[in-house]
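2 protein chains.
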Amino acid sequence: MAKKRQVTLTDIAATLGVAPMTVSRVVNRNGYVSDETREKVLQAVKTMNYRPNGVARNLKRQRTETVGLVLGDISNPYSAELANAVRERLWSSGYNLFICISEHSATEDITAFESLVDHNVDGIIVATRSNEEGDEHLRDIVDSNMPVVVIGRDFQYEGVDHVAADNLTGGYEATQHLIDLGHRRIGFIGADIKNRGSLKRLQGYLNALKTHDIEVDERLVTGRKEAISGVPGYSTEKMGYEGMKRLLSLPNPPTAVFARNDFTAIGAMTAIKEAGLGIPGDIAIVGFDDIPMATHTSPPLTTVRQPMRLQGQLAAEMLLRRIGDEETPERKERILNCELIIRESTVLPG
Amino acid sequence: MAKKRQVTLTDIAATLGVAPMTVSRVVNRNGYVSDETREKVLQAVKTMNYRPNGVARNLKRQRTETVGLVLGDISNPYSAELANAVRERLWSSGYNLFICISEHSATEDITAFESLVDHNVDGIIVATRSNEEGDEHLRDIVDSNMPVVVIGRDFQYEGVDHVAADNLTGGYEATQHLIDLGHRRIGFIGADIKNRGSLKRLQGYLNALKTHDIEVDERLVTGRKEAISGVPGYSTEKMGYEGMKRLLSLPNPPTAVFARNDFTAIGAMTAIKEAGLGIPGDIAIVGFDDIPMATHTSPPLTTVRQPMRLQGQLAAEMLLRRIGDEETPERKERILNCELIIRESTVLPG
DNA sequence: GCGGAATAAGTTAACGTTAACTTATTAACA
DNA sequence: TGTTAATAAGTTAACGTTAACTTATTCCGC
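Protein sequences appear in the order of chains A and B. Okay, so the first sequence: first residue is 9 according to our numbering, each after it adds one. Okay, so the second sequence: first residue is 9 according to our numbering, each after it adds one.
If you are wondering where the hints come from, they were derived from the structure by calculation, not from laboratory data. One should not assume that every hint holds.
Which copy is meant is left open, because identical chains are indistinguishable; a pair holds if it fits in one copy or across any two.
[To be verified] Quick list of in silico lysine-lysine cross-link-like pairs, DSS-like style, CA-CA up to 27 Å:
#1 48 / 68
#2 12 / 68
#3 68 / 218
#4 48 / 202
#5 281 / 12
#6 340 / 68
#7 340 / 12
#8 281 / 246
#9 246 / 340
#10 281 / 48
#11 48 / 218
#12 246 / 68
#13 68 / 54
#14 48 / 340
#15 202 / 253
#16 281 / 68
#17 218 / 12
#18 246 / 202
#19 340 / 281
#20 218 / 202
#21 54 / 12
#22 253 / 218
#23 48 / 12
Bear in mind that the values here come from a model prediction, so they are computed numbers and not experimental data.
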């Protein structure tokens, strides 16, 4: 189970009859070493396959120049773009990024957090959905002085910065767009109506209906019920496909649908087509996120563009501020505007 | 820059007048501690916000129960599925997974490897494209006894297991399928023909043409040239869109196209439609990977299914074998079959 | 009552590295 | 010639934890 004992810096030093600090100076290109001694050390390093023990180094230095990012649904291109934005911003400041996945449960959240804390990362960015147990662990972690920033997670805690897209307004505007086009029977695919409290997009949809005195028909809201662990879960194209089929089987199907994200919308589109119906002629559809794929659907998808790169960049900057500051900075919150992108899934060209 | 000094186990012990080992026993639920002492320790742990220093612990224990996974193009759902398969298999054996991204360059490869090694992960799975500098670093890492498994990377080294999909046969069969349908002008989108040596799918395409005495028209092979660092790079839907437009502008455009992956194929489909052409009536198209989205395109995409989950699972198992074994096991290589999945982008229904 | 095992600690030293400091010598400049 | 700075090391001890071992007491079974 345990790895074979590795050659240590002290072994090299003993072999060459120099001090371990001399070997360290050569390896880290730090301080003064004569050319002759340097060559001898480098040769021994190569010959004896010495690799520095990063854990020992981290213990002594109390820094790792590594940041952790906890993601939920990595199959959604949203996650990829977020991760890349975070990574690029951190890289430019000399930090490495470790990504952990927490997809289904509070347990996965906690494991991811603990694992990163165990490795003494210099800070953590959390981009998974909120759940009570995970939040409690996050609070503990923050209380022990770990810099933390959350993205799109409904977690309010002094000392934790918060970046999110304005999902509430985004959901409202998506629904408003359909209402402006004359739709009154508007479905929502991707969540159970019970999740309105934690899903701002669903709440925005409901708000728009209410503003226009359109009665909410709960049968038009379809999605997976809460999982056992209390995490609402993520929405996939499969859910879109099945949810759309469910809506189409209603006695009075919707004429328009707002899907929780683009992935879900794309699945719904397939179900519409398989039923021999036209988009948007028979059913108009709006997604959310504006993933690259949204321009390649048939027809191209109307969607709400979420500023993924900006979220990632801001979160990284906020975290760097926390890492760099001796005092815990006051909490910052940025709610970023989304943008309705109208394409041909709701409006015919010309 | 340095984090505030954290409460240590020794601080707790001093405060309570017990030995540090006693605190350790309570925290780690190990050994014998009286109920009275346990309560006192737990109370102090909470009051003083003590968190174990994982780095110190890892240094002493020489194990982290963490594995690193280096991924290239995480925006491709292939990566998500691979990561999830790896994660699930490792989780069931008590290991955590840290994912690093290395997308564009050997430098990113090296940084990812070094960062993981620095944290003394128990092993590394590498799923990025091969490049000489990265390979050299990998060899060094392996020589210092780090267990390593590669996925889909053309890297042969004693002590490193290899899992891959049979891209050569997959590319051959995709092209064969188009030839069987009567196509003789078949394009390839996603890479420059110079990359044939490192891109098995491209080589398979060329092999199939050769088998059928179909002359290779280099103008029909289109994609990004090698990046500066020598890494061919990854293929996106954008490349598919632009590549298809390039092929359509030829005096004698292809009647069929094999795209390097599904993402690329989806982009090409958009270009075909924008040109007012039909799929497969005017141009047939085959992708590669069979990502979930492939069934939702319009028309559904013919593709070569890559066994992503099985690759991830096998790689994880191979790595666990290496981690668990005192001796370095002999090298294992598994090349997994792909499967041609015929949908409506090449063959009309009925 | 005796012996062995369990309980409940404490002690020792190690894990591998480096920040901070000390010592000695040499070179440069006024 | 004297002073200061640079060069080239070596020494000390710390980072925070735990594996392995020791010591003392109590409990249980024969």
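Outcome of the hint check:
no., hint, result
1, 48 / 68, "within (26 Å within a copy, 30 Å between copies)"
2, 12 / 68, "both (23 Å within a copy, 14 Å between copies)"
3, 68 / 218, "neither (59 Å within a copy, 61 Å between copies)"
4, 48 / 202, "neither (69 Å within a copy, 43 Å between copies)"
5, 281 / 12, "neither (59 Å within a copy, 59 Å between copies)"
6, 340 / 68, "neither (32 Å within a copy, 38 Å between copies)"
7, 340 / 12, "between (47 Å within a copy, 21 Å between copies)"
8, 281 / 246, "both (15 Å within a copy, 25 Å between copies)"
9, 246 / 340, "neither (37 Å within a copy, 36 Å between copies)"
10, 281 / 48, "neither (72 Å within a copy, 66 Å between copies)"
11, 48 / 218, "neither (78 Å within a copy, 55 Å between copies)"
12, 246 / 68, "neither (49 Å within a copy, 47 Å between copies)"
13, 68 / 54, "both (24 Å within a copy, 26 Å between copies)"
14, 48 / 340, "neither (52 Å within a copy, 37 Å between copies)"
15, 202 / 253, "within (21 Å within a copy, 47 Å between copies)"
16, 281 / 68, "neither (62 Å within a copy, 61 Å between copies)"
17, 218 / 12, "neither (66 Å within a copy, 50 Å between copies)"
18, 246 / 202, "within (20 Å within a copy, 39 Å between copies)"
19, 340 / 281, "neither (45 Å within a copy, 46 Å between copies)"
20, 218 / 202, "within (17 Å within a copy, 60 Å between copies)"
21, 54 / 12, "within (18 Å within a copy, 37 Å between copies)"
22, 253 / 218, "within (26 Å within a copy, 46 Å between copies)"
23, 48 / 12, "within (25 Å within a copy, 39 Å between copies)"
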